[in-house]
Amino acid sequence: MMLSDDELMCRFQDGDETAFRRLLERYQDRIVNFTMKMVGDYDTASDLSQEVFIRVYTNAGRYLPGSKFAPWLYRIAANLSINEIRRRKRWRFFSIDEQLDEDHEPYSIDLPDETTPSPEDQILKREASHQVEAALKKIPVKYRMPLVLREIEGYDYEEISKILDVPRGTVKSRLNRGRALLKTALFRLDAGAKASAWHVMEEQ
Amino acid sequence: MNCNRIQEHLSAFIDGELESSLVPSVKAHLIRCSVCRKEKEQLETFSASIRAIPPVTAPPDFRDRIYASIHTRTQPKPSPFLQWKLILAPAAAMIFGIIIGAYRFQSFAPVQLAAESPMLDTALPISDTTVTESNIVASDDGVREYTIDRYMAMPVETIVQTPAPESNGKLHPVDENNPPNLIPRSRVILDRVPLKAAYDRVVY
Chain A
46 MMLSDDELMC
56 RFQDGDETAF
66 RRLLERYQDR
76 IVNFTMKMVG
86 DYDTASDLSQ
96 EVFIRVYTNA
106 GRYLPGSKFA
116 PWLYRIAANL
126 SINEIRRRKR
136 WRFFSIDEQL
146 DEDHEPYSID
156 LPDETTPSPE
166 DQILKREASH
176 QVEAALKKIP
186 VKYRMPLVLR
196 EIEGYDYEEI
206 SKILDVPRGT
216 VKSRLNRGRA
226 LLKTALFRLD
236 AGAKASAWHV
246 MEEQ
Chain B
9 MNCNRIQEHL
19 SAFIDGELES
29 SLVPSVKAHL
39 IRCSVCRKEK
49 EQLETFSASI
59 RAIPPVTAPP
69 DFRDRIYASI
79 HTRTQPKPSP
89 FLQWKLILAP
99 AAAMIFGIII
109 GAYRFQSFAP
119 VQLAAESPML
129 DTALPISDTT
139 VTESNIVASD
149 DGVREYTIDR
159 YMAMPVETIV
169 QTPAPESNGK
179 LHPVDENNPP
189 NLIPRSRVIL
199 DRVPLKAAYD
209 RVVY
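Residue numbers (the working numbering), protein chains in the order written: chain A, 46 to 249; chain B, 9 to 212.
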């Protein structure tokens with residue numbers, strides 16, 4: 046029988062260690078993927094994700110039975126990611142790439158012209174993914190986070206508002222703004238066309 | 009609604025999160041406006057391209073590292089009492105050392121004074137020395153015994169000291185012609201006995 050996250054969490058609160066292990070197995074890849082999209086490097090994402098589950102383990106008593114586990118888990122991950130990004134900004138270690146903000150033009154990166162024929166579809170696809178990822182990194186974290194939660198994790202606005210502890214209207218406006226910034230960043234990276242090309246290819 | 013207003017709602021529209029009261033007017037606008045329709049298609053393309061970023065997974069040792077870290081953090085910490093003991097033990101040792109040092113310093117005090125005390129008759133054999141209260145000095149090696157000393161009318165630097173001889177209640181003369189060592193002390197230890205035994209010998 047497949048136990049729900051909430052049931053597993055309740056069992057863990059009652060001292061069942063295997064319940065924690067099952068939650069860990071269920072969410073470890075998703076949390077590493079999420080933190081990776083937030084902080085941009087795998088080692089840090091892996092360390093942060095580790096800390097997320099340690100917090101779940103040590104703060105299990107704070108989980109309210111009957112509430113949704115995943116938003117609680119993602120909220121921990123989001124907070125740790127934000128702390129990490131702030132720490133990096135303080136020490137100016139974050140990235141050699143400048144982040145795109147509302148009043149700032151991003152760097153322009155020379156990419157192959159959109160009309161350049163690609164020898165392999167896979168290469169084009171991979172490159173498009175890299176460009177989208179690069180563009181995503183340029184978006185300020187307050188817009189990037191709801192975008193990742195929506196597009197990659199598939200949460201609805203209500204769940205995102207719980208994870209980020211902001212009103213639903215704020216989620217809506219941040220997603221709107223985030224998408225506009227992503228579009229700008231992609232075009233600045235000259236990769237928008239590539240993403241489109243890849244998408245057309247996928248549909249075929 | 010004009011195009012600007014419609015485009016503000018497109019993000020929520022493609023997510024299926026737009027207020028139901030606004031959906032019909034957005035749909036109607038998209039049918040007749042190719043610019044907004046293109047904008048919507050572009051947003052959908054970018055969303056798809058974010059979702060297409062290849063996910064990363066947790067490293068193979070992810071769970072082991074978490075459990076190792078949990079194990080380390082949940083090790084029972086020393087009790088507050090033990091922690092205080094760990095702090096206080098060196099402090100107590102230091103205080104004890106200071107007390108012992110002061111005690112030793114004090115035990116030297118009569119020695120220093122001895123150089124200035126009235127000269128004793130050094131011509132007398134040590135065994136004939138009359139024991140007075142001034143000859144009784146607290147032992148300086150921490151033993152709860154007292155030495156019966158004879159102050160020597162000699163410069164401090166050249167005074168002879170013998171090791172405290174074992175006593176059977178008798179005075180042990182010091183061989184002044186063959187001193188066992190030379191240290192800058194100003195007394196000769198004649199005997200080493202408990203205080204009461206020392207006072208028993210005092211000639212008043």
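To be clear, the hints were calculated from the coordinates, so they are not data collected in a lab. Note that this is a predicted model, so its numbers are computed, not measured. Backbone N, C-alpha and C fix where the C-beta goes; we use that ideal spot for every residue, glycine too. Be aware that a few hints might be false.
[Stated by the list, open to error] Mimicking DSS-like on lysine-lysine, the simulated pairs with C-alpha atoms at most 30 Å apart in a straight line are:
#, chain 1, residue 1, chain 2, residue 2
1, A, K207, B, K204
2, A, K228, B, K46
3, B, K48, A, K187
4, B, K35, B, K48
5, B, K204, A, K228
6, B, K48, A, K182
[Claimed, not checked] To be clear about the criterion: a stretch of chain B counts as covered by chain A if any three or more of its residues have a C-beta under 8 Å from a C-beta of chain A, and this derived list gives those stretches:
#, stretch
7, 14 to 22
8, 200 to 210
[Claimed, not checked] Label-pair restraints from in silico Cβ distances:
#, chain 1, residue 1, chain 2, residue 2, range
9, A, E203, B, C41, 27 to 37 Å
10, A, D61, B, P32, 28 to 38 Å
11, A, D59, B, T80, 44 to 54 Å
12, B, S77, A, R132, 39 to 49 Å
13, A, T103, B, F104, 56 to 66 Å
14, B, S77, A, D74, 49 to 59 Å
15, B, S42, A, G106, 49 to 59 Å
16, A, I127, B, S77, 17 to 27 Å
Violations among the numbered hints = Hints 1, 5, 8, 10, 11, 12, 13 and 14 not satisfied by this model.
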